[in-house]
Amino acid sequence: MTARLLRLYPGAPEDIALSGAYLAHRLHEQGSAGAPFVYASFVASLDGRIALRDPATGESRLPAGLVSGNDFRLFLELQAQADCLVTHGGYLRDLAAGRLDDVLQIGTQAATRDLAQWRVDNGLSPQPAVVIASAGLEFPMPISPARHGQRVIVATGAEAPPKRIAHWRRAGYEVLVAGAGASVEGGALVRELGSRGLRSIYLLTGPRMLDTMLRDRVLSRLYLTTAHRMLGGESFHTMLSGPELGNAGRLRLCALHYDVGAPDDAGQFFVHFEPLPA
Numbered sequence: 146m147t148a149r150l151l152r153l154y155p156g157a158p159e160d161i162a163l164s165g166a167y168l169a170h171r172l173h174e175q176g177s178a179g180a181p182f183v184y185a186s187f188v189a190s191l192d193g194r195i196a197l198r199d200p201a202t203g204e205s206r207l208p209a210g211l212v213s214g215n216d217f218r219l220f221l222e223l224q225a226q227a228d229c230l231v232t233h234g235g236y237l238r239d240l241a242a243g244r245l246d247d248v249l250q251i252g253t254q255a256a257t258r259d260l261a262q263w264r265v266d267n268g269l270s271p272q273p274a275v276v277i278a279s280a281g282l283e284f285p286m287p288i289s290p291a292r293h294g295q296r297v298i299v300a301t302g303a304e305a306p307p308k309r310i311a312h313w314r315r316a317g318y319e320v321l322v323a324g325a326g327a328s329v330e331g332g333a334l335v336r337e338l339g340s341r342g343l344r345s346i347y348l349l350t351g352p353r354m355l356d357t358m359l360r361d362r363v364l365s366r367l368y369l370t371t372a373h374r375m376l377g378g379e380s381f382h383t384m385l386s387g388p389e390l391g392n393a394g395r396l397r398l399c400a401l402h403y404d405v406g407a408p409d410d411a412g413q414f415f416v417h418f419e420p421l422p423a
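In our numbering, each residue carries its 1-based index in the sequence shown increased by 145.
Be aware that a few hints might be false.
Here are the simulated DMTMM-like pairs of lysine to aspartate or glutamate, each with C-alpha atoms no more than 25 angstroms apart in a straight line [as the list claims (entries may be wrong)]: (1) LYS308 - GLU283; (2) LYS308 - GLU319; (3) LYS308 - GLU337; (4) LYS308 - ASP239.
Everything labelled a hint here was simulated from the structure, so no lab data went into it.
Please model the complete structure; the sequences and the hints are all you need to start from.
Structure (structure tokens):
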């Protein structure tokens, strides 16, 4: 049976198909070179956890209680609309260690071939570019982007280690400087990527990148899945971990959908917001 959602806002409640719900947003058409469309997504529990940290090892994990096939389908639909995916060195280290799956390609499995065809039908490249944001530039490069012909860009700050910048340039990768310190800054990164023709930018990152995108007021949309369960735990991650955002943190609700069954028969909300203007 095809998964269904109940749209609760805007408008009168309406039963809709889950498949295609986010493709209908046509995010690849929303931005331009001068003003790319930047979007992020998170999945969280009712008590605000996006990941739990093992106190003994310090390693973080996505709890099974937040995982569902319906959320993953919508995640892939967001990926399918991107000119580039922004990830970070920590993800690549976890990927190499086998702690996380490779999600840098679209439509490589039989169940998601429709998303690969959707990109072709809508004039996008077969695969999005991959942007790796890193301050220290110490990460292993996965082989999957080269295997799938993806453009790879390494982004860092002006105070990043010069030897590591030279290392990646010698290896044939484009390295861009997007920040006055060691870390990447949101506004600078978006400007640099826009100048390179990337108009729809999907953030596969964490709290630090979300923070700088909000502070620099370049985030266009935030997608949030809220699983209807409490996780607890003494050591955990939330969507933000920096200083107070003030007015840069004001968001307007754009849409709310209810998934009655997943995950684990508890249900979940699919919501997206857009930041309010300054």
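Hint by hint, here is what the structure shows:
1. LYS308 - GLU283: Since the Cα atoms of LYS308 and GLU283 sit roughly 11 angstroms apart, the hinted pair holds (cutoff 25 angstroms).
2. LYS308 - GLU319: Distance ~15 angstroms between LYS308 and GLU319 Cα, so the pair holds.
3. LYS308 - GLU337: Holds: LYS308 and GLU337 sit about 22 angstroms apart, inside 25 angstroms.
4. LYS308 - ASP239: Distance of about 23 angstroms is within 25 angstroms: holds.
Violated hints are absent here; each numbered hint is respected by the structure.
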